[in-house]
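Chemist: Sequence:
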Amino acid sequence: GIDHVEVGFDGQPSWSSKPDIAAAAEARALAATCAGVRVWSLYVPNGRAVGDPHYSYKLNWLAALRDTAEGWLRDDPSGQIALVGDWNIAPTDEDVWSVEFYHGCTHVSQPEREAFDAIIDARFTDVVRPFAPGPGVYTYWDYTQLRFPKRQGMRIDFILASPALAARVADAQIVRDERKGKAPSDHAPVVVDLRDD
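Read left to right, the sequence shown gives residues 1 to 197 (the working numbering).
No lab work stands behind these hints, which were simulated from the structure alone. Please note: incorrect hints may appear among the correct ones.
Across the chosen pairs, the derived CB separations fall in these ranges [stated by the list, open to error]:
#	residue 1	residue 2	range
1	H103	G79	37 to 45 Å
2	P163	Q110	25 to 33 Å
3	D3	Q110	37 to 45 Å
4	A27	D76	34 to 42 Å
5	C34	K180	24 to 32 Å
6	P189	Q145	20 to 28 Å
7	R168	G1	15 to 23 Å
8	C105	L30	26 to 34 Å
9	P53	E178	21 to 29 Å
10	P53	R168	20 to 28 Å
Backbone N, C-alpha and C fix where the C-beta goes; we use that ideal spot for every residue, glycine too.
Work the whole structure out from these sequences, hints included.
Modeler: The structure is reproduced here in C-alpha cells:
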C-alpha cells in the first residue's frame with residue numbers, strides 16, 4: 001500500500017508575481033511511500049527565460065530541494081528515496097538535439113546544470129542513463145515543428161535515486177513509443193525496474 005502522502009518539502013519556495021500578495025504553495029513536489037520506497041514526484045519550475053524572475057525562483061527551488069534531500073540522507077543514510085519527474089534541465093550537451101539551438105535558453109544554462117549537479121553531489125544517482133546511453137536519447141519533444149519525428153528532443157525527465165535505492169535498480173528505460181499515440185504527452189515515460197529488497 002501507499003502511506004505517508006505529503007505535498008511539498010520543507011523549505012520549498014513559493015511563487016508570487018505580486019510582492020504585496022503572499023505566495024501560494026504550489027503542488028510541485030508530491031511524495032508517498034510504497035513498499036519502503038519514498039517517491040517524490042517533482043515538477044521543477046520551468047524558469048521561462050534566463051534572467052526572468054521565474055528563473056531565479058527555479059534556482060532557489062532547486063537549492064532548497066538539494067538542502068532538503070541532503071538532510072533526508074543525513075537523517076537516514078540507508079533511506080530508499082526516488083526523486084522523479086520533469087526537471088526542466090538538460091544536464092549535459094548530449095541531452096539536447098542541438099546545443100546551438102538552445103544556446104542562451106533555460107534548461108541548458110550553467111546555473112541550472114550546476115543546480116542539478118549539486119543534487120547528484122548530494123549522493124543521488126541518475127539511474128536511467130546507464131541503461132539508456134546517449135546522445136540522441138530524449139524524454140521530451142516540443143509539439144511545434146514536428147520535433148518528435150525529427151528526433152529533436154531533450155532529456156529533461158529523470159529518476160534520481162539515493163544510494164540504497166540505486167543499488168536495487170535492475171533495469172531502466174525511456175518508453176519513446178508512448179509519445180507516438182493519439183494526443184500524446186510531449187514527454188515519454190521513464191521507467192525503472194527494481195530488484196526485491
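Chemist: Hint by hint, say whether it matches the structure.
Modeler: Hints versus structure:
no.	hint	result
1	H103 x G79: 37 to 45 Å	39 Å, holds
2	P163 x Q110: 25 to 33 Å	27 Å, holds
3	D3 x Q110: 37 to 45 Å	40 Å, holds
4	A27 x D76: 34 to 42 Å	25 Å, violated
5	C34 x K180: 24 to 32 Å	29 Å, holds
6	P189 x Q145: 20 to 28 Å	23 Å, holds
7	R168 x G1: 15 to 23 Å	19 Å, holds
8	C105 x L30: 26 to 34 Å	27 Å, holds
9	P53 x E178: 21 to 29 Å	34 Å, violated
10	P53 x R168: 20 to 28 Å	40 Å, violated
Taken one by one, the earlier hints fail for this structure at numbers 4, 9 and 10, listed in ascending order.
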